[in-house]
Amino acid sequence: MDMRRLVGENVKRIRLEKRLTQEEFCEISGFSQQYLSGLENGRRNPTIVTVYELAKALGVSHIDLLKVPSSRQKRSQS
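Okay, so the sequence shown: first residue is 1 according to UniProt numbering, each after it adds one.
Bear in mind the hints are in silico, worked out from the structure with no lab data behind them. Just so it is clear, CB atoms sit at the ideal spot from N, CA and C, and this is done for glycine as well. Hints should not be assumed to be uniformly reliable.
[Said to hold, decoys possible] Within a straight-line C-alpha distance of at most 25 Å, the following computed DSS-like cross-link-like pairs (lysine-lysine) qualify:
#1 67 with 56
#2 56 with 12
#3 67 with 12
#4 18 with 67
#5 56 with 18
[To be verified] Pairwise CB distance ranges, derived in the manner of DEER restraints:
#6 22 with 52: 18 to 24 Å
#7 60 with 5: 14 to 20 Å
#8 17 with 52: 28 to 34 Å
#9 19 with 45: 23 to 29 Å
#10 23 with 56: 17 to 23 Å
Throw the hints in and build the complete structure from the sequences for me.
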């Protein structure tokens, strides 16, 4: 899987699990809504520093943003 897409899908999944809008998450993380939208849609290529910052803002490990979600997690997002 494309890593840009994987990270973006994981950020979006976790953000939605935490019931955060993009606007709310942008306020927490300090990233712009334009950047976050591009990231969640696989159009941005985040650096490792960005992955750490996103994970910290979401309250998860950076590893959670880099791993393929289980089929159970995919179903709960739908």
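Here's how the hints hold up against the structure:
For the suggested pair residue 67 and residue 56, the alpha carbons sit about 16 Å apart, so the restraint of at most 25 Å is met. This hinted pair checks out: residue 56 and residue 12 have alpha carbons roughly 14 Å apart, not beyond 25 Å. Between residue 67 and residue 12 the alpha-carbon distance is near 14 Å, which keeps this suggested pair within the 25 Å criterion. Restraint check: the Cα-Cα separation between residue 18 and residue 67 comes to about 18 Å, which is no more than 25 Å; the hinted pair holds.
Restraint check for residue 56 and residue 18: satisfied, since their Cα atoms lie roughly 13 Å apart, inside the 25 Å limit. Hint check: residue 22 to residue 52, Cβ distance near 20 Å, so the stated range 18 to 24 Å holds. Residue 60 and residue 5 have their C-beta atoms about 18 Å apart, which keeps the hinted 14 to 20 Å range intact. Take residue 17 and residue 52: their Cβ atoms lie about 19 Å apart, and the range 28 to 34 Å is violated.
Separation of residue 19 from residue 45 is about 27 Å and conforms to the stated range, judged on CB atoms against 23 to 29 Å. Range check, residue 23 to residue 56: about 19 Å between beta-carbon atoms, so the 17 to 23 Å window is met.
The structure shown violates just one earlier hint, number 8.
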